[in-house]
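Trainee: Just so you know, the sequences run in chain order A and B. Going by the working numbering, the residue at position 48 of the first sequence is 48; the numbering climbs one at a time, nothing skipped. Going from the second sequence to the working numbering is simple: count from 1 and add 256.
Hints in this document: simulated from the structure, not taken from any laboratory. Here a beta-carbon is modelled for each residue, glycine too, at the ideal position from N, C-alpha and C. Treat the hints loosely; a few may be bogus.
[Stated by the list, open to error] Short, incomplete list of chain B residues facing chain A, as computed with Cβ under 7 Å:
(1) Phe273
(2) Arg321
(3) Thr328
(4) Phe330
(5) Gly334
(6) Pro337
(7) Trp338
(8) His380
(9) Leu382
(10) Tyr414
Below are the chains, spelled out letter by letter.
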Amino acid sequence: MTSAGPRTLPLLGLAGPLALVLVWAAASSLGLFPSSLFPHPGTVARGLVTELASGRLLQDVIASLFRVGVGFLLAIGVGIPAGLLLGHSAVARAAWLPLVNFFRNLSPLAWIPFAILWLGIGDPPAIFLIFMAGVFPVVIATTAAVAGIPSVYFRVARDLGLDGWRLLRDVTLPAIAPQVITTLRVTAGLSWLVVVAAEMIAGRDGLGFAVWDARNGLRIDLLAAVMVVIGLLGVAIDRVLRQLSQIPSVRWGYER
Amino acid sequence: MSAVTPLLHLDAVSYAFGPVPVLQALDVRVRAGEFVAIVGPSGCGKTTILNLCSGWLTPTAGTVRRAGRARTVFQHDGLFPWLTVGENVRLGLRHLPPTTERDERTIDWLALVGLEGFAQHYPHQLSGGMRQRAELARALAGETDLLLMDEPFSSLDYLTRLRLRSELARLLHEQPRTVVLVTHDIEEAAQLADRVLVLSDRPARVRDEVTIDVPRPREPTHAAVVQAVHRILTGLGLEQGTPGGAPVRAWPTPAESRSR
């Protein structure tokens with residue numbers, strides 16, 4: 001059962017951030033650290049406002065979201081069909097899973113040099129890296145979900161005369177939906193981590209580039225401001241994807 | 257019996273899981289409208305018989321002949337959890353044109369199994385007994401000729417099991433079907449079936465065939481049911497005496513010899 005706490009007390013979730021900001025403000029007001037290394041939250045807030053007003057921050061946000069969106073869609077567009085194929089065939093699993101596992105355990109960041117060599121700077125290398133980060137976990141999770149579908153569903157489907165395309169649409173896909181939704185959330189989170197690293201090295205815009213740019217300009221106030229934006233957007237993406245798990249026809253996967 | 261073409265005929269059917277023989281030259285005929293129960297020790301291949309009847313498994317030797325549409329009711333969780341109860345039952349009506357008729361028949365079937373008002377519920381929101389009722393409705397809704405039941409009530413508590421048993425008997429009285437029921441519940445078999453096949457250990461053979469010549473539906477405590485339970489238990493080697501302290505009857509019984 002879902003716990004009543006977080007729903008009935010939505011403001012309680014703000015207690016942690018508020019405490020953090022207070023401690024942060026107190027620490028920097030007391031001068032515990034040099035202000036050149038440790039910005040005051042007020043300075044950060046002002047930096048955030050000016051960056052927003054100039055429109056540059058918004059452009060970076062859009063650039064990053066675009067790359068994550070495309071890379072993520074490519075990863076699930078390739079990963080889910082591949083997982084469906086592997087999940088249905090033990091032979092295919094035996095043949096391909098070792099390779100998938102190899103790439104799954106290869107940090108996508110190790111691809112950065114090749115991504116730049118092959119694709120240059122800008123959107124393509126970032127999208128490539130996000131794809132490489134996402135596709136293998138999606139393949140593995142989808143494969144496991146398909147292979148784990150209780151055979152009774154396929155027997156019922158046979159009794160009811162469901163086959164071919166209708167079997168896929170009416171049985172296989174809804175049966176794996178709850179697990180796939182969980183994987184989408186994990187993969188989107190992963191993509192959001194990777195895009196920052198990709199843009200720091202292979203970007204001329206985007207939030208990762210903004211981090212790097214602020215560091216090069218010794219603007220630690222902007223650095224912290226961009227970090228806040230990255231974190232908040234990551235939470236927002238997960239919030240949006242979490243709505244998928246509220247669809248009535250997938251609730252069974254979370255409630256039983 | 258042999259004069260009528262059986263609705264289901266397992267003709268010298270054998271089945272093996274790799275090197276392990278599960279069934280050997282099994283011969284079972286089920287007439288149209290008949291209710292046959294199959295009981296036997298666990299692991300003897302009861303469910304395999306049902307899987308052969310439905311066509312899910314192919315026999316390693318012999319043939320399975322079946323006339324008409326067959327549907328299986330499973331032990332539990334046979335309903336699609338991503339569909340509402342109404343949508344599940346509606347899937348059972350796929351033979352009808354997708355008009356309002358399907359909706360009407362869905363409502364009829366839900367009422368027939370006592371689930372009116374639960375069409376919009378998802379299976380996980382229902383009790384085990386309600387889920388089995390819904391599954392029964394889905395299986396019967398297809399104008400099924402042959403209903404195959406794989407321990408359909410065994411995951412339920414005893415009282416729910418008794419209730420569903422009598423509901424099944426009532427349903428079959430209103431909507432007669434040919435039924436093959438696999439169960440380890442001997443009382444259930446004796447109360448519901450016209451004929452009970454008692455299987456031996458693996459490889460399964462028909463050890464005894466108990467006919468209950470009392471019209472259905474019957475009470476679980478009907479004398480003929482009690483008598484049949486006793487006979488089945490004896491056939492399984494779980495009881496020696498006769499009820500009421502009558503003399504011990506050695507197996508095989510005269511009736512068993514006759515059925516061979």
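Trainee: Hint by hint, note whether the structure agrees.
Mentor: Quick rundown of the hints versus the structure:
Nearest Cβ of chain A to the Cβ of Phe273 (chain B): about 15 Å, over the 7 Å cut. The hint is violated. For Arg321 (chain B), the shortest C-beta to C-beta distance to chain A is roughly 18 Å, which exceeds 7 Å, and the interface hint is violated. With 7 Å as the threshold, the beta carbon of Thr328 (chain B) comes within range of chain A, its nearest partner Cβ sitting at about 6 Å, so the hint holds. The beta carbon of Phe330 (chain B) comes within 5 Å of a beta carbon in chain A, closer than 7 Å, and the hint placing it at the interface holds.
Proximity of Gly334 (chain B) to chain A holds as hinted, the smallest CB-CB distance being about 5 Å (cut-off 7 Å). At a threshold of 7 Å, the smallest CB-CB gap from Pro337 (chain B) to chain A is about 4 Å, leaving the interface hint in force. Look at Trp338 (chain B): its Cβ gets to within about 4 Å of chain A, closer than 7 Å, so that hint holds up. Proximity of His380 (chain B) to chain A holds as hinted, the smallest CB-CB distance being about 5 Å (cut-off 7 Å).
Interface hint at Leu382 (chain B): violated, since its Cβ lies 11 Å from the closest Cβ of chain A, which is beyond the 7 Å cut-off. The interface hint given for Tyr414 (chain B) is broken, as the beta carbon of that residue sits about 24 Å from the closest beta carbon of chain A, more than 7 Å.
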